[in-house]
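Hey, can you work out the whole structure from these sequences and the hints?
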Amino acid sequence: MVKIQKTILSRVEGEIELKLIWEKGIIKDAFIIAPNFRGFEFILEGKPILDSLIITPRVCGICGHAHLMATVNALENLYKNAGYNIEISKKANLIRLITLSAEIVQNHLRWFYLFVFPDLLKLETYTEDLSEYIPIKGKQWQKAIDFSSKIVKVIAIFGGQWPHTSYSIPGGVVCDPTTFDITESISIVDSMIKYYEENIIGMKYENYLSIEDYKEFIEKSDKDLSKFLKLCFKHNLHKIGKAYNRFLTVSNIYPIFSQGATKRKKYNFNIKKLEEIDTYSFLTKKGIDFNGKKYSWAKAVRYEGFPYETGPLARRINNKDKLFLNLLADLKDTYIPRIWARIDEIIKLLLAMKKWLQEIDIKEPSYIKPKKNIKELEGIAYGLCEAARGSLIHKLEVKEGKIKKYDIITPSTWNLGPRCEKYLSPAEKAIIGLDNSLIAEMVLRSFDVCSVCTTH
Amino acid sequence: MQFFSREHMKNIFTKPTNYVDTNKGEKYYKSLYEKMRKRLDELKAMKPVREHDIKFEKALDMWELSRRDFLKWVSATTALLMLPPTFEPLVAEAAEVMNRIPIIWINIQDCDGNSEALLRSSAPTVDELILDYLSVEYHETLMAAAGDQAEKCLEDAVRDFKGKYLLFVEGSIPVGMPEAFTIGRHPETGVERVQRLAKDAAAVIAVGSCATFGGIPAAYPNPTGAVGVMDVVKGKPIVNIPACPHNPANSVGVIMHYILTGELPELDSLLRPKFAFGYRIHDNCERRAHFDAGEYVEEWGDEGAKNNFCLYKMGCKGPFTFNNCSIIRYNDGTNWPIGVGRGCIGCAEPDFWDKYATERPLANSDIHPPGLWGVEATVDKVGLGILTATAIGIGIHAVASAVAGKKEETK
Numbered sequence: 001m002v003k004i005q006k007t008i009l010s011r012v013e014g015e016i017e018l019k020l021i022w023e024k025g026i027i028k029d030a031f032i033i034a035p036n037f038r039g040f041e042f043i044l045e046g047k048p049i050l051d052s053l054i055i056t057p058r059v060c061g062i063c064g065h066a067h068l069m070a071t072v073n074a075l076e077n078l079y080k081n082a083g084y085n086i087e088i089s090k091k092a093n094l095i096r097l098i099t100l101s102a103e104i105v106q107n108h109l110r111w112f113y114l115f116v117f118p119d120l121l122k123l124e125t126y127t128e129d130l131s132e133y134i135p136i137k138g139k140q141w142q143k144a145i146d147f148s149s150k151i152v153k154v155i156a157i158f159g160g161q162w163p164h165t166s167y168s169i170p171g172g173v174v175c176d177p178t179t180f181d182i183t184e185s186i187s188i189v190d191s192m193i194k195y196y197e198e199n200i201i202g203m204k205y206e207n208y209l210s211i212e213d214y215k216e217f218i219e220k221s222d223k224d225l226s227k228f229l230k231l232c233f234k235h236n237l238h239k240i241g242k243a244y245n246r247f248l249t250v251s252n253i254y255p256i257f258s259q260g261a262t263k264r265k266k267y268n269f270n271i272k273k274l275e276e277i278d279t280y281s282f283l284t285k286k287g288i289d290f291n292g293k294k295y296s297w298a299k300a301v302r303y304e305g306f307p308y309e310t311g312p313l314a315r316r317i318n319n320k321d322k323l324f325l326n327l328l329a330d331l332k333d334t335y336i337p338r339i340w341a342r343i344d345e346i347i348k349l350l351l352a353m354k355k356w357l358q359e360i361d362i363k364e365p366s367y368i369k370p371k372k373n374i375k376e377l378e379g380i381a382y383g384l385c386e387a388a389r390g391s392l393i394h395k396l397e398v399k400e401g402k403i404k405k406y407d408i409i410t411p412s413t414w415n416l417g418p419r420c421e422k423y424l425s426p427a428e429k430a431i432i433g434l435d436n437s438l439i440a441e442m443v444l445r446s447f448d449v450c451s452v453c454t455t456h
Numbered sequence: 001m002q003f004f005s006r007e008h009m010k011n012i013f014t015k016p017t018n019y020v021d022t023n024k025g026e027k028y029y030k031s032l033y034e035k036m037r038k039r040l041d042e043l044k045a046m047k048p049v050r051e052h053d054i055k056f057e058k059a060l061d062m063w064e065l066s067r068r069d070f071l072k073w074v075s076a077t078t079a080l081l082m083l084p085p086t087f088e089p090l091v092a093e094a095a096e097v098m099n100r101i102p103i104i105w106i107n108i109q110d111c112d113g114n115s116e117a118l119l120r121s122s123a124p125t126v127d128e129l130i131l132d133y134l135s136v137e138y139h140e141t142l143m144a145a146a147g148d149q150a151e152k153c154l155e156d157a158v159r160d161f162k163g164k165y166l167l168f169v170e171g172s173i174p175v176g177m178p179e180a181f182t183i184g185r186h187p188e189t190g191v192e193r194v195q196r197l198a199k200d201a202a203a204v205i206a207v208g209s210c211a212t213f214g215g216i217p218a219a220y221p222n223p224t225g226a227v228g229v230m231d232v233v234k235g236k237p238i239v240n241i242p243a244c245p246h247n248p249a250n251s252v253g254v255i256m257h258y259i260l261t262g263e264l265p266e267l268d269s270l271l272r273p274k275f276a277f278g279y280r281i282h283d284n285c286e287r288r289a290h291f292d293a294g295e296y297v298e299e300w301g302d303e304g305a306k307n308n309f310c311l312y313k314m315g316c317k318g319p320f321t322f323n324n325c326s327i328i329r330y331n332d333g334t335n336w337p338i339g340v341g342r343g344c345i346g347c348a349e350p351d352f353w354d355k356y357a358t359e360r361p362l363a364n365s366d367i368h369p370p371g372l373w374g375v376e377a378t379v380d381k382v383g384l385g386i387l388t389a390t391a392i393g394i395g396i397h398a399v400a401s402a403v404a405g406k407k408e409e410t411k
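These protein sequences, in sequence, are chains A and B. Residue numbers for the first sequence follow UniProt numbering, so the first one is 1 and each next one is one higher. Residue numbers for the second sequence follow UniProt numbering, so the first one is 1 and each next one is one higher.
Keep in mind that the hints were calculated from the coordinates and are not lab data. For each residue, glycine too, the CB sits at the ideal point set by N, CA and C. The reader is advised that the hints may include incorrect statements.
[As the list claims (entries may be wrong)] Quick list of simulated restraints, FRET-style, between CB atoms:
1) A:Lys204 x B:Glu263: 48 to 58 Å
2) B:Asp148 x A:Asp435: 10 to 20 Å
3) A:Asp190 x B:Ser66: 20 to 30 Å
4) B:Ser66 x A:Lys194: 14 to 24 Å
5) B:Ser66 x A:Thr178: 26 to 36 Å
Okay, structure coming up:
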């Protein structure tokens, strides 16, 4: 008998609904419904170009900074496409990287403790003492909040506030940090690294970075990540949540992220191979349509016609990270590698942040005035950025000093968007075939759900 | 009336309701003190909302906070509420009975930014005071429960605390297109959800620019017909705490005020608490001295920018924006936009996305800063703030001392 179950998924950022079609105790089909729409792309239309710098960060309260970066990249790309060279000082570039990394770190940290761990508490109700991880009351939960709040201070130091910063502009950044600001940021990063070593991996980061195999890690560590992995294996979570085994990353941040699309073999990413499909979306090219089979505000995104998974796991794979290539070989693209990749990224970003902070030369200019006024430019431009959850793309069309069209493709659109005629979205595919709705929610959450930006 | 016309500006800046009266006389503070004393005694006699109540001392311990940290927070909050320092013991007591007031926090057309801001509220980690001690009965992002279980939590809280809970709303409400937000097992639109939950609330508190004035979703052409809470909820006390994101210190302030008096704080014509929105950013800006001296950043990255000159000509809306972020700042008081040379975008003012935005300096409007076209008189009127001269390095305690100082004078 076919049974339909519809759940609102709380404890994600924003709201999302999961509609499951059950047959004989197995999930036969899954629909991920993003119910919230605000119409950013319509609001941006007709506005002065630079207004986008303060409007797009508000797409998302968690990844707002990444949206700012994507917008700035798009505006700088506009110069390039119009034939004008735009110069950015090394200092400005480093500051942008540091603040972007800080945002990603806070997201991963909070996501792991606030959203992922509570699910395991449910599976483990009476068997093991996990009181440290209980939301609000648990010591480790509290620490995670504390440290994730701490790292965003780095963004506040350079960007003024978090969430919703607007300090970056075409040509550089507006802030002029002092040595004191940099020292303060380094001390915050240092305390984060220490926290990470003592609480999450339970070993020195040098030792952790040399690990190439999950068995080796579980043997050597007994802290939160290891505890988490042990529980996953205990509950057979290493077999769930397999998606398409196709991975996409849109931009390079040496040495941590490298762009590319991997489908068995790695190819260079090419923006031209991208398309948005609105068959199952309320929002279509012709306007808003609630008819028939449509079920989500998000659109489906396809690369060369295929669905791709984006996010930390994709970045690890495209960066040819040994541990994750091994994990993929052993466990496939399932729940565990997806979550581990996010936790793994934290330390890599922190170490890079520290290096970048030390490299800042405060004597360099923060801003180099572009040769041409942006109001005189016309054309189409792209802004690419790696946000916490994956690849973020802004497409901009400018005419007569105004925004003619603005198109945003968020990471969650790749992972959690609706289906197209041929393929389900990676998260929908990962859920089908499961036999437990809690596990289905967990798989969905492993993609780091953010509905607020999915349906901007 | 045209935007930016002299007449329009004069209207904005001379509206008497926009300014907070920091000196209400000894008689007023005396009766307020008694009123608060009585209210706190009543609350103390009440049972905490949750059964598994923990003692406040223990909560401090759990978070490895010292009494000193706590007292620092108390004096900051007392100052925030514009109460004289003699009220500090009452504020401390109020914090200890915070778990008598149930809170429900819902999100409609939001970006979650205000919840994120709340998680970063100021030291000594009001996080734990809020989350651990305050009785947050329902919060989609933070609660342990999910799915149906979460829905049940909400229904239970509404039933158990009928007429008692404070309803926090984050995000705007799409009136023009109800389909833009529908949620639940029995699909409920944003309007229905807000109205249903507001019906049994003691008061509704709209946090962030979206919930107060519609925010970005309501910017032209407002595709979803988004409006703020006060446009759809009638017959309930409403407090607006705008800004994008709102400053968590202000929502804590409203809760504290409610606990202390059983009433909402004094509001201005836009329903904003006067303790937070009773003066302009400009009045306490760290770059104000440069404004007065006629020293401006003329271009990003110029000498003025390097020397922290005034950002007015780069489009800063500080002189037109009522908010306390020049004092409270963001992220535990770490910094604020003007601190990094960006300028204020006026995010606490209604419809600022369409009329203010960043790159539209008002330097070319009828209102001019001094030293440019000799219109000091006008600017002087603009700068009618309560603490006009206090410029650089002003801390939260400066407000407290100013309040106390003024009180002394009247004696």
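ask   = Taking each numbered hint in turn, which are not upheld by the structure, reported in ascending numerical order?
value = none
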